[in-house]
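Q: Here is how the chains run, residue by residue.
2 protein chains.
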Amino acid sequence: MRDVFQTDLDALREQLAEMGVLAARAMRDATTAVLTSDGELAERVMAADAELDVARDRCDETVQRLLALQAPVAGDLRLVMTAVYCADKIERMGDLAAHVADTARIRHPECAVPAELTASFTELGTIAAGMADRLVELIGRPGHGGFAELDDTDRAVDSRHAAVMAAVTDPDWPHGIPSATSLALLARYYERFADQAVSVAKRLDFVVTGVIAA
Amino acid sequence: MRDVFQTDLDALREQLAEMGVLAARAMRDATTAVLTSDGELAERVMAADAELDVARDRCDETVQRLLALQAPVAGDLRLVMTAVYCADKIERMGDLAAHVADTARIRHPECAVPAELTASFTELGTIAAGMADRLVELIGRPGHGGFAELDDTDRAVDSRHAAVMAAVTDPDWPHGIPSATSLALLARYYERFADQAVSVAKRLDFVVTGVIAA
Numbered sequence: 226m227r228d229v230f231q232t233d234l235d236a237l238r239e240q241l242a243e244m245g246v247l248a249a250r251a252m253r254d255a256t257t258a259v260l261t262s263d264g265e266l267a268e269r270v271m272a273a274d275a276e277l278d279v280a281r282d283r284c285d286e287t288v289q290r291l292l293a294l295q296a297p298v299a300g301d302l303r304l305v306m307t308a309v310y311c312a313d314k315i316e317r318m319g320d321l322a323a324h325v326a327d328t329a330r331i332r333h334p335e336c337a338v339p340a341e342l343t344a345s346f347t348e349l350g351t352i353a354a355g356m357a358d359r360l361v362e363l364i365g366r367p368g369h370g371g372f373a374e375l376d377d378t379d380r381a382v383d384s385r386h387a388a389v390m391a392a393v394t395d396p397d398w399p400h401g402i403p404s405a406t407s408l409a410l411l412a413r414y415y416e417r418f419a420d421q422a423v424s425v426a427k428r429l430d431f432v433v434t435g436v437i438a439a
Numbered sequence: 226m227r228d229v230f231q232t233d234l235d236a237l238r239e240q241l242a243e244m245g246v247l248a249a250r251a252m253r254d255a256t257t258a259v260l261t262s263d264g265e266l267a268e269r270v271m272a273a274d275a276e277l278d279v280a281r282d283r284c285d286e287t288v289q290r291l292l293a294l295q296a297p298v299a300g301d302l303r304l305v306m307t308a309v310y311c312a313d314k315i316e317r318m319g320d321l322a323a324h325v326a327d328t329a330r331i332r333h334p335e336c337a338v339p340a341e342l343t344a345s346f347t348e349l350g351t352i353a354a355g356m357a358d359r360l361v362e363l364i365g366r367p368g369h370g371g372f373a374e375l376d377d378t379d380r381a382v383d384s385r386h387a388a389v390m391a392a393v394t395d396p397d398w399p400h401g402i403p404s405a406t407s408l409a410l411l412a413r414y415y416e417r418f419a420d421q422a423v424s425v426a427k428r429l430d431f432v433v434t435g436v437i438a439a
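Same order as they appear, the protein sequences are chains A and B. Its first residue numbered 226, the first sequence is counted upward by one per residue in my numbering. Its first residue numbered 226, the second sequence is counted upward by one per residue in my numbering.
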């Protein structure tokens with residue numbers, strides 16, 4: 226019985242890690258699509274989002290089977306409960322990457338990001354996808370401290386988000402209102418992607434410590 | 226043992242319903258604050274959001290106790306798992322209401338919503354808060370069909386959201402870019418609030434049917 230349980234727990238970890246890989250890839254590709262106005266790549270990112278939905282459902286099924294058959298306790302129970310939460314957050318990260326890709330698609334063939342904001346969005350994409358990469362590592366080899374680390378990284382995202390908002394609401398913004406509103410939303414997708422990553426890291430710490438950080 | 230279990234399950238339902246009440250009130254008050262530029266009310270909504278965070282943590286604790294002590298199966302297990310998911314979504318609804326309130330606060334003493342969009346945002350607030358009210362009823366007396374109903378209501382939110390986006394990206398928009406970007410984000414908070422309500426209703430159906438709607 227115990228061996229089956231351990232196998233299911235390992236499967237759960239692998240499923241979550243695989244979701245993290247998909248989210249990181251989606252964000253990286255979506256950022257490329259939005260920066261280079263690559264409509265085909267944008268479509269591919271949006272289509273691939275269905276994989277994350279399926280992966281989330283598979284995680285939920287594994288969790289239900291584990292709970293129904295094994296009645297885990299303490300640290301194992303925390304891991305199982307955390308998996309439900311994290312799978313949902315990572316699935317949402319995929320949605321947000323798809324929103325980034327959709328912005329590329331909507332504004333195609335025009336480029337959604339004007340030259341003066343290329344650096345900001347390149348950084349947002351690199352940092353956000355890197356946070357998803359880091360989650361994959363944390364899921365595979367959990368240890369306390371992921372939350373503090375990603376919370377710190379999140380500040381770098383917030384500062385770029387603030388810089389974009391300052392640029393698009395500047396009275397001298399030269400690219401018109403549709404561009405400004407689209408970029409405000411675009412920056413928010415990155416900010417929310419990073420927020421989800423932080424909340425996953427917080428829950429992963431909880432698996433180890435049994436305490437949810439404030 | 227069974228009685229303790231039923232008491233815990235009832236407590237979980239009550240905790241979730243209470244969260245729904247808080248989310249509905251937050252959205253109603255936040256909408257009033259943003260439409261009347263009531264800075265004090267906005268501050269109160271933002272401060273009250275901490276109550277929802279506490280309520281969510283209490284739900285999680287009840288769930289953990291239930292799982293650790295009672296090993297529920299089938300429908301009961303689905304309810305317990307669903308509670309984790311729903312508590313998180315309703316807590317997020319509170320965050321979004323707080324974002325609406327924050328928009329009122331940031332633009333105070335100016336009114337964030339110009340006269341020509343008052344009707345749209347009044348409707349968004351009424352429909353969104355009504356969706357939270359409906360969740361409270363569905364949590365208290367679950368029956369299959371809540372998802373289809375709220376998914377239908379969500380279309381009314383989406384159409385108002387689209388109308389606001391069309392207005393603020395119109396070349397003749399007279400209120401400037403900061404107002405346009407702020408209103409685009411504001412409309413998105415309502416849209417996301419409604420999305421969370423739909424996903425809660427979907428999971429509540431699942432408690433009854435054992436099947437997650439596509």
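Quick caveat, the hints were computed from the structure, so don't treat them as lab data. It is possible that part of the hints are untrue.
[Stated by the list, open to error] Under 8 Å between C-beta atoms, here's a sample of chain B residues computed to sit facing chain A:
(1) V288
(2) Q289
(3) G300
(4) D301
(5) L302
(6) M306
(7) V361
(8) G365
(9) A405
(10) A409
(11) L410
(12) R413
[Said to hold, decoys possible] Computed footprint of chain B on chain A, listed as stretches where at least three residues anywhere in the stretch have a Cβ under 8 Å from a Cβ of chain B:
(13) 283 to 294
(14) 321 to 331
(15) 344 to 351
(16) 360 to 369
Quick reminder that beta carbons are idealized off the backbone N, C-alpha and C, glycines included.
Q: Look at each hint and say if it fits the structure.
A: Hint-by-hint comparison with the structure:
1. V288: holds (7 Å)
2. Q289: holds (7 Å)
3. G300: With Cβ-Cβ at 11 Å, over 8 Å, it is violated.
4. D301: With a closest approach of 10 Å, the D301 (chain B) hint is violated.
5. L302: holds (6 Å)
6. M306: holds (6 Å)
7. V361: Check failed: Cβ of V361 (chain B) comes no nearer than 22 Å to chain A, outside 8 Å.
8. G365: violated (23 Å)
9. A405: This hint holds: A405 (chain B) lies near chain A, its Cβ roughly 5 Å from the closest one there, short of 8 Å.
10. A409: Holds, because the Cβ-Cβ distance from A409 (chain B) to chain A comes to roughly 4 Å (cut-off 8 Å).
11. L410: Check passed: Cβ of L410 (chain B) comes within 6 Å of chain A, closer than 8 Å.
12. R413: R413 (chain B) check passes; min Cβ-Cβ to chain A is 7 Å, inside 8 Å.
13. 283 to 294: holds (count 5)
14. 321 to 331: violated (count 0)
15. 344 to 351: violated (count 0)
16. 360 to 369: violated (count 0)
The structure is inconsistent with the numbered hints 3, 4, 7, 8, 14, 15, 16, although it conforms to all the rest.
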